[in-house]
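Based on the provided sequences and hints, a complete structural model is requested.
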Amino acid sequence: MKDKEISQKITRFLNGDLNNEEIDQLWEEFLKNPELFSQFETEVNLHDMFRKEQAATSPDKKSEPGTIKKLQSYKIWLYSAAAAVLISVGLQLFSVQQGELLQRSALASIDVNEMVGADIFRSDEEVSNDLDISINVALAKALDEEFDEAISILENLLEEDLSPQQFGRVSLNLGILSYNKADYQRSIYHFQQVLDTESLPEFFDEKAWWFLGNAYVNLKETENAREAVFNAYTMDGRFASPALSLLKKLDIELGRIPAEPDPAL
Amino acid sequence: MDYSELVTAIQNGDQRKANKMCADAAPILKKYLISNVGANPDDADEALQNMFEYVINKIRDEEIDNPAGLLAYMLKSSKHSYYNMLRGRKRDFTEEIQEEPVSPAEQILRLVDKEKQKILRICIDRLKKGYREFISHWFSFPDAETEDIAEHFDISVNNAWTRKHRIVKKLTDCVNGF
Numbered sequence: 001m002k003d004k005e006i007s008q009k010i011t012r013f014l015n016g017d018l019n020n021e022e023i024d025q026l027w028e029e030f031l032k033n034p035e036l037f038s039q040f041e042t043e044v045n046l047h048d049m050f051r052k053e054q055a056a057t058s059p060d061k062k063s064e065p066g067t068i069k070k071l072q073s074y075k076i077w078l079y080s081a082a083a084a085v086l087i088s089v090g091l092q093l094f095s096v097q098q099g100e101l102l103q104r105s106a107l108a109s110i111d112v113n114e115m116v117g118a119d120i121f122r123s124d125e126e127v128s129n130d131l132d133i134s135i136n137v138a139l140a141k142a143l144d145e146e147f148d149e150a151i152s153i154l155e156n157l158l159e160e161d162l163s164p165q166q167f168g169r170v171s172l173n174l175g176i177l178s179y180n181k182a183d184y185q186r187s188i189y190h191f192q193q194v195l196d197t198e199s200l201p202e203f204f205d206e207k208a209w210w211f212l213g214n215a216y217v218n219l220k221e222t223e224n225a226r227e228a229v230f231n232a233y234t235m236d237g238r239f240a241s242p243a244l245s246l247l248k249k250l251d252i253e254l255g256r257i258p259a260e261p262d263p264a265l
Numbered sequence: 266m267d268y269s270e271l272v273t274a275i276q277n278g279d280q281r282k283a284n285k286m287c288a289d290a291a292p293i294l295k296k297y298l299i300s301n302v303g304a305n306p307d308d309a310d311e312a313l314q315n316m317f318e319y320v321i322n323k324i325r326d327e328e329i330d331n332p333a334g335l336l337a338y339m340l341k342s343s344k345h346s347y348y349n350m351l352r353g354r355k356r357d358f359t360e361e362i363q364e365e366p367v368s369p370a371e372q373i374l375r376l377v378d379k380e381k382q383k384i385l386r387i388c389i390d391r392l393k394k395g396y397r398e399f400i401s402h403w404f405s406f407p408d409a410e411t412e413d414i415a416e417h418f419d420i421s422v423n424n425a426w427t428r429k430h431r432i433v434k435k436l437t438d439c440v441n442g443f
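Top line first, the protein sequences correspond to chains A and B. To convert, note that position 165 of the first sequence is 165 in my numbering; the numbers rise steadily by one, no gaps. My numbering runs 265 ahead of the 1-based position in the second sequence.
These are computed hints drawn from the structure, not numbers from a lab. Don't take every hint at face value.
Residues on chain A that point at chain B, a partial pick, calculated with CB under 10 Å [stated by the list, open to error]:
hint, residue
1, Gln8
2, Glu28
3, Glu29
4, Pro34
5, Glu43
Heads up, the beta-carbon is just placed ideally off N, CA and C, and yes, glycines get one too.
The following block contains the structure:
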């Protein structure tokens with residue numbers, strides 16, 4: 001592959017336009033030429049820096065960035081939905097049970113595999129300590145379906161002098177376990193703690209926004225749910241697609257766009 | 266780096282050269298596992314150690330007769346080694362290990378280096394004004410077509426790619442020189 005071709009592929013990778021096979025081909029080029037890998041790292045860091053700067057200067061600071069294309073696609077959907085109401089005006093045959101349907105759209109439970117162990121964040125410099133080990137013990141308990149014991153260990157850990165990384169992990173795990181016990185108020189508290197913790201990897205925030213949104217849906221706090229789900233959506237990660245789907249339902253519930261007429265009527 | 270030399274070195278018993286080539290490849294393969302499958306640094310190291318042992322034995326036994334495909338084989342074997350390691354640890358649990366790469370957005374996030382970003386800011390400030398404007402524009406509008414960027418700067422599309430490559434190289438040299 002020529003330099004220009006690789007440069008183009010890197011750009012496509014950063015825009016999320018490469019398939020798995022193409023991504024592996026790119027890594028083969030890096031192995032052949034480590035200097036290219038160094039340049040790739042520079043591009044990754046530039047991409048992330050400018051994405052964050054754009055987010056910081058955008059009117060809605062909470063919405064994560066680099067997602068202009070996604071926001072546009074959502075707007076297009078929104079306009080289409082608005083147009084649909086003009087066509088169907090007068091029918092007024094919308095379901096009266098949107099609220100209940102909305103709740104059914106929320107996650108019934110969160111997969112415990114979404115919990116994070118201490119080693120996920122261990123950098124080269126850090127060494128594991130008793131607190132890290134306790135976090136992993138709690139994780140093992142949860143994986144073994146001993147949820148109450150896992151919660152107890154994690155709650156005790158909150159009394160300890162945790163690093164921000166450890167606090168973020170404990171809070172996320174407690175949020176997930178509380179959610180699965182249908183204790184949505186408590187789960188909201190823990191997910192917000194994650195979002196308030198600085199210097200956690202971004203995919204952590206993505207999880208917290210998405211699960212927070214679902215917890216709010218369960219509590220029928222639709223405005224709060226919309227904000228959280230919107231933030232998960234704009235992060236353009238693993239939850240973007242289900243977040244978009246839930247976002248549409250939330251907007252219908254909030255009356256921002258019309259519900260689709262029941263096809264059976 | 267020509268990896269057919271790795272095959273030759275192993276088959277000729279040139280341990281020093283083989284070790285050097287594996288050591289050169291290891292940091293990139295490690296980043297690959299961290300980015301692509303979400304491995305943590307320690308697990309990536311362990312998986313790579315197992316992968317190299319496996320691949321070297323295959324070469325020694327002359328089971329790899331296509332040096333051109335060695336890199337793809339190493340990437341694939343790294344992932345298998347990592348997943349096998351996870352499966353070994355989760356013997357007590359019933360859940361399946363999903364052999365799916367993490368999302369593209371997360372792959373990028375896992376490669377972000379905040380320390381390097383701090384240095385990059387200094388390096389960007391050191392660029393000539395024209396270069397600084399170009400690279401800022403390029404990364405501020407990731408969805409823009411190269412044609413639009415070229416038009417904005419009144420240059421050809423080919424020149425836009427060349428300029429971007431040149432600036433990224435300058436910034437890389439600057440970061441590595443710190």
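Next on the checklist: For the restraint on A/Glu28, tell me whether the closest CB of chain B is nearer than 10 Å.
Outcome noted: 4 Å, holds
Next on the checklist: Can you verify the interface hint for A/Glu29: is its Cβ closer than 10 Å to any Cβ in chain B?
Outcome noted: Given a least distance of 9 Å, the restraint on A/Glu29 holds.
Checklist entry - Holds or violated: A/Gln8 as interface residue toward chain B, Cβ cutoff 10 Å? => result Cβ of A/Gln8 sits 7 Å from chain B, so the hint holds.
Checklist entry - Against chain B, with CB atoms and a cut of 10 Å, does the hint on A/Pro34 hold up? => result This interface hint holds because 6 Å falls under the 10 Å limit.
Checklist entry - Holds or violated: is there a CB of chain B closer than 10 Å to the CB of A/Glu43? => result 6 Å, holds
No hint from the list above goes unmet by this structure.
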